[in-house]
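Chemist: Residue numbers (numbering that gives the first Met the number 0), protein chains in the order written: chain A, 0 to 346; chain B, 0 to 346.
Simulated from the structure, these hints should not be mistaken for laboratory data. Do not take every clue at face value.
Stated by the list, open to error - Among the chain A residues that face chain B by a calculated CB cut under 8 Å, a handful are:
1) 36
2) 66
3) 138
4) 154
5) 157
6) 158
7) 185
8) 195
9) 196
10) 219
11) 238
12) 241
13) 242
14) 244
15) 249
All residues carry an ideal CB built from backbone N, CA and C; glycine is no exception.
2 protein chains.
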Amino acid sequence: MSQGTKDIITISLDAMGGDNAPASEVAGAVETVRSNQGVNIILVGDSGKIEAELSKHSYDNSRIRIHHASQVVEMHESAADALRKKPDSSIASGLKLHKSGEADAFISPGNTGAVMAASLFILGRIANVSRPTIGSRFPTERGITMVFDVGANVDCKPLNLLQFGIMGSVYANSIYGIDNPKVGLLSVGEEKTKGDALTVETYELLEKSNLNFVGNVEGRDILKGSTHIVVCDGFVGNVVLKFAESVLGILKTKFSDYAERGFLSKVKVGMAYGTLKDIMKDFDYQEYGGVPLLGVNGISIIGHGRSTPRAIMNMALKAEQMARVKINEKIASQIKDIKDFVPKTEK
Amino acid sequence: MSQGTKDIITISLDAMGGDNAPASEVAGAVETVRSNQGVNIILVGDSGKIEAELSKHSYDNSRIRIHHASQVVEMHESAADALRKKPDSSIASGLKLHKSGEADAFISPGNTGAVMAASLFILGRIANVSRPTIGSRFPTERGITMVFDVGANVDCKPLNLLQFGIMGSVYANSIYGIDNPKVGLLSVGEEKTKGDALTVETYELLEKSNLNFVGNVEGRDILKGSTHIVVCDGFVGNVVLKFAESVLGILKTKFSDYAERGFLSKVKVGMAYGTLKDIMKDFDYQEYGGVPLLGVNGISIIGHGRSTPRAIMNMALKAEQMARVKINEKIASQIKDIKDFVPKTEK
Chain A
0 MSQGTKDIIT
10 ISLDAMGGDN
20 APASEVAGAV
30 ETVRSNQGVN
40 IILVGDSGKI
50 EAELSKHSYD
60 NSRIRIHHAS
70 QVVEMHESAA
80 DALRKKPDSS
90 IASGLKLHKS
100 GEADAFISPG
110 NTGAVMAASL
120 FILGRIANVS
130 RPTIGSRFPT
140 ERGITMVFDV
150 GANVDCKPLN
160 LLQFGIMGSV
170 YANSIYGIDN
180 PKVGLLSVGE
190 EKTKGDALTV
200 ETYELLEKSN
210 LNFVGNVEGR
220 DILKGSTHIV
230 VCDGFVGNVV
240 LKFAESVLGI
250 LKTKFSDYAE
260 RGFLSKVKVG
270 MAYGTLKDIM
280 KDFDYQEYGG
290 VPLLGVNGIS
300 IIGHGRSTPR
310 AIMNMALKAE
320 QMARVKINEK
330 IASQIKDIKD
340 FVPKTEK
Chain B
0 MSQGTKDIIT
10 ISLDAMGGDN
20 APASEVAGAV
30 ETVRSNQGVN
40 IILVGDSGKI
50 EAELSKHSYD
60 NSRIRIHHAS
70 QVVEMHESAA
80 DALRKKPDSS
90 IASGLKLHKS
100 GEADAFISPG
110 NTGAVMAASL
120 FILGRIANVS
130 RPTIGSRFPT
140 ERGITMVFDV
150 GANVDCKPLN
160 LLQFGIMGSV
170 YANSIYGIDN
180 PKVGLLSVGE
190 EKTKGDALTV
200 ETYELLEKSN
210 LNFVGNVEGR
220 DILKGSTHIV
230 VCDGFVGNVV
240 LKFAESVLGI
250 LKTKFSDYAE
260 RGFLSKVKVG
270 MAYGTLKDIM
280 KDFDYQEYGG
290 VPLLGVNGIS
300 IIGHGRSTPR
310 AIMNMALKAE
320 QMARVKINEK
330 IASQIKDIKD
340 FVPKTEK
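Just chain A, same shape as in the assembly (with noise of 0.2 Å):
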């Protein structure tokens, strides 16, 4: 164990927040300490619905306690509504845990907007950085592409992609051992000219950056794997973040209709599928562990509303690894190094 870091990681997680709340999060706790002799939890919600949930289950329970909290954040609260009405959410309380050290991580499978705002509000920001991101890890044809940011930031300027690219780079380094990550400008052409104003203007600070900056990419890079770090503004993240998501379904749909065609073809799809399935594990969200909130003073993981223990547990090493590698120290030496050469109108 390296000097300074805990012999265990304490994580405090939503139980309320998923689509199968509290028993998915609390299957995935008890999958968590089973299998981890690193991670304790403490399970943040309706202590009376989480003790029914955990009585099913045998475990350490030294290793797994109940934090009570008596409001939850619906899927479709607006953030805002939700920060000011709902003081003593399962969110809220949950990050209350770890700023006051408590917990050295939280997570959870809520509402997306509503866990950054509460972060961003409870945490606060890492000196310097302008905003904080949310990066997600695409399936690649060779290697590791993560996508900042996917939704935090829709109206970005210059200086929050530099950010972006820094946040991004600290994280594939620190927990996916990419040296040097390489450093991509979403755009829609390769050459520096080409691009929108914003991206324009952020080629020239990742250019003068100490980042692996290697130019602009463009939509079909994602899913080759170009670049490890892929920059760009929330909007266009989500948009493609989304619609990577929804591949999968339209080619289920296409399978079906074909194989209603006729019995061979009904074979025919049912062993493509199968394989298909089987080739489609990268694609797999659960296997990912969520997205990062970098940015904020503290660690904060996001996962999909339907994740399933199992996806809950790899939230949890996820955020136990962050943890261990002290992102958020690197992150803010990398950030402190940028505010030379940034334009003061930036700042």
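For this one, chain A is given, so just place chain B on it according to the hints.
Modeler: Then chain B, alone, in the frame of chain A:
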């Protein structure tokens, strides 16, 4: 034949633009006149090379003629350079034939930027159109979905997006026979307030318009086919289009990787890939006949550089259809109607 429509539609075809020029273009022209009585073709480009290709085919030589053009715009040449330095390019010459009335439409599998710029310069805009737009069809679970804009305009104002919606609706109605096409605004959430500065303002304009506007749609709605028309700026539209075009590539790679795991895997992949290819016909750009450039005062369609003869023929037939339904008269009349409620600053 409806009143005022010509018996024969003449199409000027840029024979030098594609990756395999002029072989694909010539073969496409021959295929077009052979299987369609209503279309004649003018092949525009290097007459020597075109004649050499034509001599390999037998065809009715009253229906295909050559118009010599001495210059060729390369695929990666800047549009501005091409316009300025190559006044006798096959693109410019082909468009001039259309402008003069010798041809009723122009099609090109060449440099997209150069075709857009030259079309705008030579044909001009339809009255009251602020910016012409290119739209692409996407495969969907059910029905037809076209995204406007996919790259003609990277920095847009709300009025531009409103006009994309109008032109797209006219296209879907006149070309695909869709009554009152559903229009969605691409954004990051369904609520009116979700989005960036551009989409929030555009929402207001679309709401007040005569379009069948159904509200915001998200990245996942494109492949679902939730609306007939999806409106967005050309930056995000281009990123999504190129992302979509790359999906088959990653599936192919994953299938190959899987096949290498062993004999049974190989057999399964063989069947699966065959089925997939069958199913993927919907993803075949060749079927769609290129992307139309709407808003210019003429008919201009841009195809993939790698257009096959069949893709060229489908472009020609799409151009014929656009000419026969007099699509630009419809666009002009619909665009005129919006003048009243658009803020003065937008004009």
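Chemist: Please go over all the hints and tell whether each is borne out by the structure.
Modeler: Results for each hint:
{"no.": "1", "hint": "36", "verdict": "violated, 33 Å"}
{"no.": "2", "hint": "66", "verdict": "violated, 31 Å"}
{"no.": "3", "hint": "138", "verdict": "holds, 7 Å"}
{"no.": "4", "hint": "154", "verdict": "holds, 5 Å"}
{"no.": "5", "hint": "157", "verdict": "violated, 14 Å"}
{"no.": "6", "hint": "158", "verdict": "violated, 17 Å"}
{"no.": "7", "hint": "185", "verdict": "holds, 6 Å"}
{"no.": "8", "hint": "195", "verdict": "holds, 4 Å"}
{"no.": "9", "hint": "196", "verdict": "holds, 5 Å"}
{"no.": "10", "hint": "219", "verdict": "holds, 4 Å"}
{"no.": "11", "hint": "238", "verdict": "holds, 4 Å"}
{"no.": "12", "hint": "241", "verdict": "holds, 3 Å"}
{"no.": "13", "hint": "242", "verdict": "holds, 4 Å"}
{"no.": "14", "hint": "244", "verdict": "holds, 6 Å"}
{"no.": "15", "hint": "249", "verdict": "holds, 4 Å"}
Violated hints, in rising order: 1, 2, 5, 6; the structure is consistent with all others.
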